[in-house]
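Chains A and B are the protein sequences, given in the same order. By the numbering used here, the letter at position 217 of the first sequence is numbered 217, and the numbering carries on one by one without gaps. Count along the second sequence starting at 1, add 411, and that's the number in the numbering used here.
Hints are computed from structural coordinates only; laboratory data are not their basis. All residues carry an ideal CB built from backbone N, CA and C; glycine is no exception. Watch out, some of these pointers could steer you wrong.
As a list, the in silico DSSO-like pairs of lysine-lysine whose alpha-carbon atoms are at most 27 Å apart [unchecked claim]:
(1) A:411 with B:523
(2) A:147 with A:334
(3) A:142 with A:244
(4) A:189 with A:244
(5) A:405 with B:429
(6) B:429 with A:411
(7) B:429 with B:490
(8) B:531 with A:411
(9) B:435 with B:531
(10) A:147 with A:244
(11) A:27 with B:531
(12) B:523 with B:435
(13) B:490 with B:435
(14) B:552 with B:523
(15) B:429 with B:531
(16) B:531 with A:405
(17) B:552 with B:490
(18) B:490 with B:531
Ranges between beta-carbon positions, derived for each pair [stated by the list, open to error]:
(19) B:510 with A:12: 23 to 31 Å
(20) B:421 with A:160: 34 to 42 Å
(21) B:448 with A:163: 31 to 39 Å
(22) B:439 with A:14: 33 to 41 Å
(23) A:24 with B:510: 15 to 23 Å
(24) B:492 with A:281: 53 to 61 Å
(25) A:167 with B:439: 20 to 28 Å
(26) B:520 with A:345: 34 to 42 Å
(27) A:263 with B:448: 43 to 51 Å
If the Cβ cut is set under 10 Å, some of the chain A residues that face chain B in the computed set are [said to hold, decoys possible]:
(28) 190
(29) 193
(30) 347
(31) 355
(32) 358
(33) 365
(34) 406
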Amino acid sequence: MTTTLQPLDVAAIRKDFPLLSRTLNGKPVIYLDSAVSGQMPLAVIERMSHYEREEHTNVHRGVSTLSQEATDRFEEAREKVRAFLGAASTREIVWTRGATEALNLVAQSFGRMVVQAGDEILLSAMEHHANIVPWQMLAQEKGATIKVIPMNDAGELILESLDELITERTRILGVTHVSNVLGTVNPVKEITARAHARGVSVVVDGAQAVPHLAVDVRDLDADFYAFSGHKLSGPTGIGALYGKLAHLEAMPPWQGGGSMIRSVSWEKTTYMPAPAKFEAGTPPIAAAIGLGAALDYVQALGLDRIAAHEHELLAYATERMAVIPGLRILGNAKDKASVLSFVVEGIHPHDLGSILDSEGVVVRAGHHCAQPVMTRFHIPATTRASFAYFNTREEVDILVSAVMKAIELFK
Amino acid sequence: MSDPRELYQQVILEHNRKPRNFGKLEPCTHHAEGHNPLCGDQLDLTLVIENGVVQDVKFQGNGCAIDVASASLMTQAVKGRPVAEAEAMAEQFRGMVRGDLDPATQTPLLGKLVLFRGVKDLPSRVKCAVLPWATLHAALKGEEEASTE
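Turn these sequences into a full structure, and let the hints guide you.
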């Protein structure tokens with residue numbers, strides 16, 4: 001199928017990203033860190049700037065034309081998120097600050113509602129701290145237990161264990177769609193089917209998945225799906241939670257304030273229906289509109305073309321890195337997104353990160369907010385390169401020679 | 412930093428490969444654990460202090476080359492020194508890597524530790540170089556834990 005796709009015009013795309021033409025430590029910047037934060041194209045930056053210059057006010061407030069316009073743009077962005085995720089209704093899309101806040105919302109509202117003392121929450125072994133800590137906080141509050149779905153040495157979940165791990169006390173299963181460290185694409189559809197068969201709700205962390213693959217929440221049958229705008233060529237400070245409407249309607253609000261109420265009196269306060277019920281206070285309006293523009297941008301490029309380009313880069317980088325003596329790639333799942341984590345014998349990832357930085361190569365070195373994954377592989381940290389639709393094979397070559405330089409220095 | 416070689420000099424690389432005074436003193440008179448929460452570096456420092464002098468010191472833990480070499484060179488530098496002098500060295504070291512003190516004139520106690528002066532050009536790595544010294548400071552003050560945060 002990929003052979004029939006028109007390849008991306010990467011040279012033209014790169015002109016949309018001003019940062020890609022700057023230098024870093026006197027070298028052209030090689031941005032291989034989109035898993036930390038994607039770069040925003042000019043279309044997004046200009047859309048946000050236009051809002052702030054010409055359209056700025058508050059949403060869902062008052063009768064002014066200006067406020068109505070801002071509300072319309074803001075709600076149009078919500079509709080873009082709905083379409084992007086394949087949700088049935090915009091009522092299922094809740095704005096949040098990002099995936100982290102979305103997952104906290106689920107834990108504190110849905111989790112508090114369905115988890116009781118003695119219950120179990122099942123999480124995959126490759127979760128980001130954002131899909132671990134909120135559940136630990138809930139478990140501690142309720143007297144519930146956290147259980148873990150293990151993974152194999154390739155970085156794939158061992159799903160044979162799933163039927164055994166799910167018990168009559170399991171209430172929630174949390175899984176990342178794509179591992180931010182290993183790149184593994186988890187078979188979410190299969191997991192939701194098996195969890196639902198046992199009455200367990202599934203919360204999916206989609207932060208690393210949405211930049212790389214077309215997501216259809218209805219096809220996945222996820223109960224909740226969280227993502228962040230800034231991983232998806234959008235701004236920071238905005239993200240969204242998809243939740244099945246029946247869940248959102250049943251859930252209590254989690255933050256109180258303006259916008260989320262129907263009426264307030266000293267005797268009794270009533271709440272708005274979802275999603276407004278979960279959106280107390282003034283939201284980051286420019287960021288939401290900017291995220292809408294980012295979705296337009298990536299959809300115009302084509303998610304399938306983006307995926308094809310990134311897979312080609314990942315395959316090339318894997319092939320070149322794998323032959324470097326002393327270098328070990330972490331995460332060799334059969335189904336993998338364009339994230340390449342590695343360790344080099346005798347060089348701590350932070351030292352390697354500093355040396356790559358001096359060559360203008362931006363990567364992430366550290367535990368990637370996934371310390372249990374580091375523990376699982378008996379390492380303190382990794383160096384991670386992540387590839388986006390604007391990266392090139394030449395940039396992979398520069399990464400490889402910078403790694404070789406570090407090895408030479410540490411020899 | 413234009414050239415990483417300015418910091419990653421042979422002495423630092425060699426101490427990273429073969430850290431001196433590596434291990435744990437048992438029994439010890441002073442002990443502290445150091446953590447760098449941002450990067451997960453972790454250091455366990457044990458000392459034997461008698462009559463106000465650092466008689467012996469050992470460290471163990473996981474960290475980057477800057478952290479490990481800093482710890483290794485620190486143990487060599489403070490061994491046999493009066494506690495007050497070790498504290499003064501810690502102050503000078505921290506001042507130097509943060510760029511507050513000029514290694515040419517203001518850090519007379521540091522000797523070859525001025526090797527680490529280049530760390531000031533790498534703000535994200537200052538904490539790595541300082542962790543052993545912060546841990547030493549905590550141990551001397553009778554605190555169990557030191558953090559660079």
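Hints versus structure:
| no. | hint | in the structure |
| --- | --- | --- |
| 1 | A:411 with B:523 | holds (22 Å) |
| 2 | A:147 with A:334 | holds (25 Å) |
| 3 | A:142 with A:244 | holds (24 Å) |
| 4 | A:189 with A:244 | holds (15 Å) |
| 5 | A:405 with B:429 | holds (21 Å) |
| 6 | B:429 with A:411 | holds (13 Å) |
| 7 | B:429 with B:490 | holds (18 Å) |
| 8 | B:531 with A:411 | holds (25 Å) |
| 9 | B:435 with B:531 | violated (30 Å) |
| 10 | A:147 with A:244 | holds (24 Å) |
| 11 | A:27 with B:531 | holds (20 Å) |
| 12 | B:523 with B:435 | holds (25 Å) |
| 13 | B:490 with B:435 | holds (15 Å) |
| 14 | B:552 with B:523 | holds (26 Å) |
| 15 | B:429 with B:531 | holds (24 Å) |
| 16 | B:531 with A:405 | holds (22 Å) |
| 17 | B:552 with B:490 | holds (17 Å) |
| 18 | B:490 with B:531 | holds (26 Å) |
| 19 | B:510 with A:12: 23 to 31 Å | violated (43 Å) |
| 20 | B:421 with A:160: 34 to 42 Å | violated (51 Å) |
| 21 | B:448 with A:163: 31 to 39 Å | holds (38 Å) |
| 22 | B:439 with A:14: 33 to 41 Å | violated (57 Å) |
| 23 | A:24 with B:510: 15 to 23 Å | holds (20 Å) |
| 24 | B:492 with A:281: 53 to 61 Å | holds (57 Å) |
| 25 | A:167 with B:439: 20 to 28 Å | violated (47 Å) |
| 26 | B:520 with A:345: 34 to 42 Å | holds (36 Å) |
| 27 | A:263 with B:448: 43 to 51 Å | holds (45 Å) |
| 28 | 190 | violated (33 Å) |
| 29 | 193 | violated (37 Å) |
| 30 | 347 | holds (8 Å) |
| 31 | 355 | holds (5 Å) |
| 32 | 358 | holds (4 Å) |
| 33 | 365 | holds (8 Å) |
| 34 | 406 | holds (8 Å) |
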